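Participant: Below are the chains, spelled out letter by letter.
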Amino acid sequence: MQWQVLKKSLFEHKYIATKDLAMSLHIALNLERPILLEGDAGVGKTQVAKTLADIFDTELIRLQCYEGLDSAAAIYEWNYQRQLLAIRASVDTGSNLRDIEERIFSRSYLMERPLLRAIQQQKPPVLLIDEIDRADEEFEAFLLEILSEFQITIPEIGTISAISKPMVVLTANGTRTLSDALRRRCIYNFIPYPDRETELSILERQCPEIGVELATQIVSFVQSLRKEDLEKKPGIAEMLDWAAALSGLGINDITSDPEALQSSLVCLLKTQSDQYSIPTLVSQKLASGNS
Amino acid sequence: MAITRFLFRTSIQERIVGFSHHMRDNGVTTTPLEVHSTLRLLRLIDITNIEEVRLALKSVFTNNKESFVRFNELFDSYWLNDGKQRHDHKAIDPSNKKGNLSQNFPNLFEVNSSKGTGKTDVPDDEKDGETESSGEGKLIAAKIFNKTTTDMREFVLPEDENKAAEAARRIANAIRYRWSRRRKASKKGGILDMRRIMRKSISTGGEPLKLPRKRRPDLPMHLIGLVDVSGSMQPYARVFLSFMKGLISNDMRTDAFLFHTKLMCVSDALRDNNTLRAANRLSIMAKGFGGGTKIGASLHQFSDQFMGRIFGHKTVVIIMSDGYDSGSANVLEKALSRLKKSGCKIVWLNPLLGWKNYEPVSQSIKISLPYIDCFAPCNTLQSLADLENKLELL
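Chains A and B, in that order, are what the protein sequence lines are.
Per my numbering, residue 1 is the first one in the first sequence, and the count goes up by one each step.
Per my numbering, residue 292 is the first one in the second sequence, and the count goes up by one each step.
Chain A on its own, in the form it takes in the complex (with noise of 0.2 Å):
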């Protein structure tokens, strides 16, 4: 496939991605290499991976990473009320100790979780593993070996090779310094927030009820207001809810109703002091200043 095919279906499912990020991902899947994917919280890093499993149609196996997340949670663990109900079993019965121990450290003693269940798919499933960076670098280091063997070594048995290979996504919010190691095992892309002409068809693809001049309207208020100094910058799925909010009011132009824009925008500015810092008068200057 093409990087531009990549590009036009990833566009076909609703995903509008900068030529930067279709190039990136073409590499990545040609390589079967992993992507990392850093940029700001809203900008669509995750909907990649949702998108690119979509598109060939196939399972998305996603790990949420936070602070403290260990192998147990994230490759396997054993299934130890099972191993507990085998060794009473077994002693009843009287098999001698290297059979039992052999026999509930095998496969079928075995909890898969979302690492090792990706590389035992028939069909190659899209891994996501999101926010990467809430994790500790002891995970990342787990992870060096899954990323660039594709292999998982676990003590008991040994090392389990993939079926397939995942097609892998990472995604960072590019703060926490992740490892050299780590990164230079993936091919890299930052995503910004988009600018008007790809949000203006992002918004026209989602939401094709939305007419063109409100969707218009609706992605420049969002582009100056994130010019503007607050804590949390709306992302593109903000944009997307507050539309979906607009047209559910009823409300066709946004300078029409300035009580209701305002009441509108909690959509948009998810903290106090950024409420604080958009009053009606400034909400109404960036409506009417671009419109």
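No lab work stands behind these hints, which were simulated from the structure alone.
Since we're looking at a predicted model, the values are computed, not measured.
One thing to keep in mind: the hints can contain errors.
[Claimed, not checked] In silico DSS-like cross-links for lysine-lysine, where the CA-CA straight-line distance does not exceed 27 Å: (1) B:K356 <-> A:K19; (2) A:K270 <-> B:K631; (3) A:K232 <-> B:K491; (4) B:K478 <-> B:K491; (5) B:K625 <-> B:K657; (6) B:K356 <-> A:K270; (7) A:K19 <-> A:K227; (8) A:K270 <-> B:K478; (9) B:K356 <-> A:K50; (10) B:K625 <-> A:K270; (11) A:K7 <-> B:K356; (12) B:K478 <-> A:K232; (13) A:K19 <-> A:K165; (14) A:K285 <-> B:K657; (15) A:K270 <-> A:K227; (16) B:K479 <-> B:K491; (17) A:K227 <-> B:K356; (18) A:K7 <-> A:K50; (19) B:K625 <-> B:K636; (20) B:K631 <-> A:K227; (21) B:K636 <-> B:K657; (22) A:K270 <-> B:K636; (23) B:K479 <-> A:K8; (24) A:K19 <-> A:K7; (25) B:K636 <-> A:K232; (26) A:K232 <-> B:K356; (27) A:K227 <-> B:K632; (28) B:K631 <-> B:K657; (29) A:K232 <-> B:K479.
Take the given structure of chain A and dock chain B to it, following the hints.
Facilitator: This is chain B only, laid out in the frame that chain A set:
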């Protein structure tokens, strides 16, 4: 066809290796893996289309936001006859977020274009609020010439500076060690270690008689140092940098930033063992020296870009500055309150605080005091050593 800068023909492999070296010379980490990937991917794209090649190399050769933003310039300087060879590291500039992404294609063919050149960070020339480097307020312990209690401004000889740096590194090591002591297996841990229980219970016929326990290791403190390198701080800057270097050299959970009118992350540069390369990467200092300070704006930028990391972590932010701010005090207050809200501890080390008769009366300091957990002098090595006790109390 674009005019490249090369005088003679050679193989694609050599060119790509050359490009890899070029990127490395400019501070972007590259390895043979990138070269190998590039050679593989060149089969996937139309290599006569310069923009496709640019996008493809960008995906492979960049590995963080800074290199991603700088890539187009580096690409041009290597492949096109643009008259540019080497670039300095630039400060993180939020207004430059989109970088050269929108650079349009036809421009690539202009042979002698000067685009992108001469973009240097010009610090503003406001001298307001700057301290005189030869102030009246003399240090307390200057009478006895003792390296641990002499004001660091006195260190001008290289060997003295080395000794100071070494001492600072030792102190920093001590602080870091205390924070990063980790325990994993614990007899008094709250969680049963099922894996070990299973192993042990086999020998007792499935009866889990021994119950080994485990506990999550203590989270080490995340230390972030912000060093003011404006004109007024110049005499201290080198020693503070050594202090920062000691702090972060072995631990991934620490970060160092320099600021004057802009903020720049120098963690990677300070971790660099190659002194010459590290010095090159720190070239922002030269650009900032003698200029004003915008503490508020710098802290704002810091919150914008690193808030996500601080949130939910045990974090100590150490600001090393004399508090002479040429920016607005309101901005500083807002930035500090925002930082404080994220739950981190703020330590402000002020070299002037160790001076006799110094009163924290400058507006920026007065405004910041309520937000600061620890306000301490740092003009002598002894005061840096005392810091350890103070940090313990936080």
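Participant: Would you mind marking each hint as holding or not holding in the structure?
Facilitator: Okay, the hints, checked on the actual structure:
no.: 1; hint: B:K356 <-> A:K19; result: 17 Å, holds
no.: 2; hint: A:K270 <-> B:K631; result: 19 Å, holds
no.: 3; hint: A:K232 <-> B:K491; result: 51 Å, violated
no.: 4; hint: B:K478 <-> B:K491; result: 16 Å, holds
no.: 5; hint: B:K625 <-> B:K657; result: 14 Å, holds
no.: 6; hint: B:K356 <-> A:K270; result: 26 Å, holds
no.: 7; hint: A:K19 <-> A:K227; result: 24 Å, holds
no.: 8; hint: A:K270 <-> B:K478; result: 44 Å, violated
no.: 9; hint: B:K356 <-> A:K50; result: 23 Å, holds
no.: 10; hint: B:K625 <-> A:K270; result: 18 Å, holds
no.: 11; hint: A:K7 <-> B:K356; result: 22 Å, holds
no.: 12; hint: B:K478 <-> A:K232; result: 44 Å, violated
no.: 13; hint: A:K19 <-> A:K165; result: 25 Å, holds
no.: 14; hint: A:K285 <-> B:K657; result: 35 Å, violated
no.: 15; hint: A:K270 <-> A:K227; result: 16 Å, holds
no.: 16; hint: B:K479 <-> B:K491; result: 18 Å, holds
no.: 17; hint: A:K227 <-> B:K356; result: 20 Å, holds
no.: 18; hint: A:K7 <-> A:K50; result: 15 Å, holds
no.: 19; hint: B:K625 <-> B:K636; result: 16 Å, holds
no.: 20; hint: B:K631 <-> A:K227; result: 24 Å, holds
no.: 21; hint: B:K636 <-> B:K657; result: 18 Å, holds
no.: 22; hint: A:K270 <-> B:K636; result: 25 Å, holds
no.: 23; hint: B:K479 <-> A:K8; result: 58 Å, violated
no.: 24; hint: A:K19 <-> A:K7; result: 8 Å, holds
no.: 25; hint: B:K636 <-> A:K232; result: 22 Å, holds
no.: 26; hint: A:K232 <-> B:K356; result: 19 Å, holds
no.: 27; hint: A:K227 <-> B:K632; result: 23 Å, holds
no.: 28; hint: B:K631 <-> B:K657; result: 16 Å, holds
no.: 29; hint: A:K232 <-> B:K479; result: 42 Å, violated
Violated hints, in rising order: 3, 8, 12, 14, 23 and 29; the structure is consistent with all others.
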